[in-house]
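Full structure from sequences and hints, please.
From first to last, the protein sequence lines stand for chains A and B. For reference, each letter of the first sequence is one residue, going 164 to 328 in the working numbering. For reference, each letter of the second sequence is one residue, going 345 to 1154 in the working numbering.
In silico lysine to any residue, SDA-like type, Cα no more than 25 Å apart, as pairs:
id, chain 1, residue 1, chain 2, residue 2
1, B, Lys1019, A, Gly296
2, B, Lys1014, A, Asp288
3, A, Lys221, B, Met1069
4, B, Lys1019, A, Asp290
5, A, Lys318, B, Ala375
6, A, Lys169, B, Gly420
7, B, Lys366, B, Leu356
Hints were generated in silico from the structure; no laboratory data involved.
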Amino acid sequence: MTQQHKVRLSVNGRAYEREVEPRTTLVDFLRHELGLTGTHVGCEHGVCGACTIIKDGKAVRSCLMLAVQADGAELQTVEGLHGDNGLHPIQEAFIEKHGLQCGFCTPGFLMTTVELLGDHPDPSDEDIREALGGNLCRCTGYQSIMESVRLAGAKLRAGAAVQAD
Amino acid sequence: MSTRIPTSLDGLPTTARRFVGKEVRRIEDRALVTGRAEFIDNLVLPDMLHCAIQRSPHPHARIVRIDTSRAEAHPGVAAVLTGADLERWCNPMVTAPAGWGPYSLAVGKTRFVGEPVAAVAASSRYIAEDACELIDVEYELLPVVADPCVATDPGSALLYEENGTNLMLDRAFTWGDIDGVFAAADKVFSAKFRWNRVGANPTETFGCVCQWDLVQERLTCHGAYQTPGFMALGRAHTLKLAANQINIISHPQGGGFGGKGGPRGTDIAALLSRKAGGRPVKYIEDRMEYLLAGGGQSWDRYYDAALAVRADGTVTGFRVKLLDDQGASAEGYGTISVAKPLAAFTGCYRIEAAQYDVKVVSTNRAPSYPYRGYGPPPHNFVLESLMDIAARGLGLDTAEMRRRNYIRPEQFPYTIPSGNEYDSGNYEAALDKVLEMADYGRLREEQARARAEGRLVGIGVASTIEPGVFDWNAYATVGVPGVGVPEGASVGINILGEVTVRVGFNLQGQGQYTLAAQLLADYFGVEMDAVRVVYADTDNAPPHFGPGGSRLGVAITGAILGACQAITEKLRHVAAVLLQAPFEQVELMDGMLRVKGVPGAQMPMAQVVGALLSRSDLLPPGMEANASTTSVWTAPGRTAPDADGRCKSYLTAANACHVVLVEVDPETGKTEILKYFIADDCGTRLNPATVEGMIQGGVAQGVGAALLEQYVYNENAQPLVSTFMDYLVPSINEVPMTEKAALVTPSPFAPLGAKGCGEGAIHTTPAAVICAINDALAPLGAMVRETPASPHQVWSLIRAARTASLHVPK
Chain A
164 MTQQHKVRLS VNGRAYEREV EPRTTLVDFL RHELGLTGTH VGCEHGVCGA CTIIKDGKAV
224 RSCLMLAVQA DGAELQTVEG LHGDNGLHPI QEAFIEKHGL QCGFCTPGFL MTTVELLGDH
284 PDPSDEDIRE ALGGNLCRCT GYQSIMESVR LAGAKLRAGA AVQAD
Chain B
345 MSTRIPTSLD GLPTTARRFV GKEVRRIEDR ALVTGRAEFI DNLVLPDMLH CAIQRSPHPH
405 ARIVRIDTSR AEAHPGVAAV LTGADLERWC NPMVTAPAGW GPYSLAVGKT RFVGEPVAAV
465 AASSRYIAED ACELIDVEYE LLPVVADPCV ATDPGSALLY EENGTNLMLD RAFTWGDIDG
525 VFAAADKVFS AKFRWNRVGA NPTETFGCVC QWDLVQERLT CHGAYQTPGF MALGRAHTLK
585 LAANQINIIS HPQGGGFGGK GGPRGTDIAA LLSRKAGGRP VKYIEDRMEY LLAGGGQSWD
645 RYYDAALAVR ADGTVTGFRV KLLDDQGASA EGYGTISVAK PLAAFTGCYR IEAAQYDVKV
705 VSTNRAPSYP YRGYGPPPHN FVLESLMDIA ARGLGLDTAE MRRRNYIRPE QFPYTIPSGN
765 EYDSGNYEAA LDKVLEMADY GRLREEQARA RAEGRLVGIG VASTIEPGVF DWNAYATVGV
825 PGVGVPEGAS VGINILGEVT VRVGFNLQGQ GQYTLAAQLL ADYFGVEMDA VRVVYADTDN
885 APPHFGPGGS RLGVAITGAI LGACQAITEK LRHVAAVLLQ APFEQVELMD GMLRVKGVPG
945 AQMPMAQVVG ALLSRSDLLP PGMEANASTT SVWTAPGRTA PDADGRCKSY LTAANACHVV
1005 LVEVDPETGK TEILKYFIAD DCGTRLNPAT VEGMIQGGVA QGVGAALLEQ YVYNENAQPL
1065 VSTFMDYLVP SINEVPMTEK AALVTPSPFA PLGAKGCGEG AIHTTPAAVI CAINDALAPL
1125 GAMVRETPAS PHQVWSLIRA ARTASLHVPK
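Encoded structure:
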């Protein structure tokens, strides 16, 4: 049997510790070991972006990492967006602007948008294209996603302004 | 009881529609944006095993020997499946035309790279894949059929020796006096075209969890199934079970676009479960498997086509010779893509005669499956390209060329030469609208200035029909039987007045659950969020097909309205008693059962249902205490096909006109889409936001087909595409943001006047983009005749044209 390795990390603020085979990918670890199935697998070779999560503040492809490489990391997944106060403004924006159809790629788009709007609270269309260029959506043709991200930015800025007041 | 389904929004029992026809938010979305939707790979059953499949590395090879002993001995392995099991237990897959189906896992020989040869069920996917590598297969290579153009030559190797040929279908259809119109034509324009294989590629691949009940001889399949009932019929045949002993449980799907369903994967997981003592077996196709062998590869075609044209630009005849490469079998019903163009063969135009000469062949490429559009996108690329060639030949503007040939509004319903009837439309209005949006005159001026600067700027104008609401009769020409595609809905109202509807299909992205909630909320005067939409598996579902053929939105509207009407009739009887009024005077309006012309004489729907279900003492004699009913809709007026395939098939004909501005970089051959305008008429829009999403999504897939996507095979039928690094799905950087206008010519025949709208833009976009590129290249005398118009192809054409022009004697 392959040797097991201990992995300790936090996901959405909650600590986990598991023994895994070194070859276990991070996305399989999240989905099958931790039961966090909101992160999806579309290609397993880093092109489609469906598996995008936030690791230590940066959007990464969880299909291209091994779970053991995430030892000690702080992760955020789509399950962490929906808080006690309901949907995250980015989620609300995607619903309002019909930024999804089948919804399979959506968690990846949402997490990429989390990073984008963290770095650029008021992104230009060019910024949005640049950030989302690595996420494939086969349903929407991206126009409604573009609108969703613009609206999400506006919602977050409005929320920040209210908090500042 | 016969019902008349209203063909207009005015037929809904409300004075103020709140949901139908409005841009409402989708009820599906909360689960999807929170990652809570239960896609198939989320499903875990107790004691579940995981399947991995060993696939053929050869396009055509005899299987001499399979040794599974090392795999069987591997720790964690519960079962290994080979062709010997299939031979013992199964039938080959059903096909149309008949006799071109292999077993779900290779028996005796393999016919394409990626064909399943053996499979393993083990305690994890990782271990299953380890074990797969321990299966030793000895192959004897066979001569390969790689080129469909010579696949029927004498001496070619055969895919199915028992058929004695690789020719699946050879038919010629002639509609009208085709020889006469070509003989009488002032000009004939002809050209050859090549459409390379593209495919669906939903972001979620296929997956299933199958469990064979060894005691009851029953099978349960959870999975990403687009068409559950149809899947049960197919599995019943291959697995030799009664169809009613198979329960197909469809899960929400991460996109479909045609080939979602995985018949082979289902059979393999089911048989592994049978071998593993009935433990559930999960199979999740990976992307490489999808790209090699999954459902969705479509349209591998060679065309030779011609238009007969009068000097004034009137097109009188359209001839099409098609050589279609179906690949290694007809298991995926890809042949239907050859038949569907009959539903709109002559596009938006009054063309009096047409001819379709079809040869469908089998080669050692992967089998074809359905893909969004199901055949017309390449056909429209050919027709629209010829319209442009003709316009150039006659010195006409390409928009004007189309205008002169449109079917006129007063001619509807209009029967085309290939037999289908278009319900309604105003094609010239769509053209006018899109030209106005594009400011077409100025666009042409812009182009002239650009050309003067030596830039390659082009404008494409394309008009197409989207046949909507498919019917089996449309596919009679390839051997599919039947007329009518029933779709059911079971609507029930409980004692509190809460409304629930059960349907036989699961989510795939088109928003039909939202549509169901919109309809029921407006019909019974409740809130959309209060309507419960429930998926019913094949054990429980009414007759159904599911999404496909731009049909489900219309069909489920018909089914739900039929059920609403039946329940309403009952409620009127109850209310007549309660309100002490004649039945004829009682109506449902805005959620109230009320007496016509008597203000205040009314009761809320919930109260009437409450009485129906809890006050048998008040009910009219013989009335059943039940506010639930199932209604099944199928398109009215469909006809059996004649000997030439002519019939009323698709119920609705939506139309669209696209105008696109492109610039081609002469140094690299790369095409950039600068502007994109769409006027689309799909009748009544039941949720305009959903319709816009369907259109834009179709644009993206159309751009992919026109510029990027191709399943590349080498000269030995070895696939060269196995990842998204090679198969180029368009990203946000390639898909244009489009300006869209809605025209509304309601269907006189369809529920609420809505037309099928799920496939429109992929019918039009490839043609529009290629026409624009060819407009850009026209000054060079170069022309793209093959998809995709990749930078390399376009650059080569430019270079060849420039080289040729250097050698033209002055």
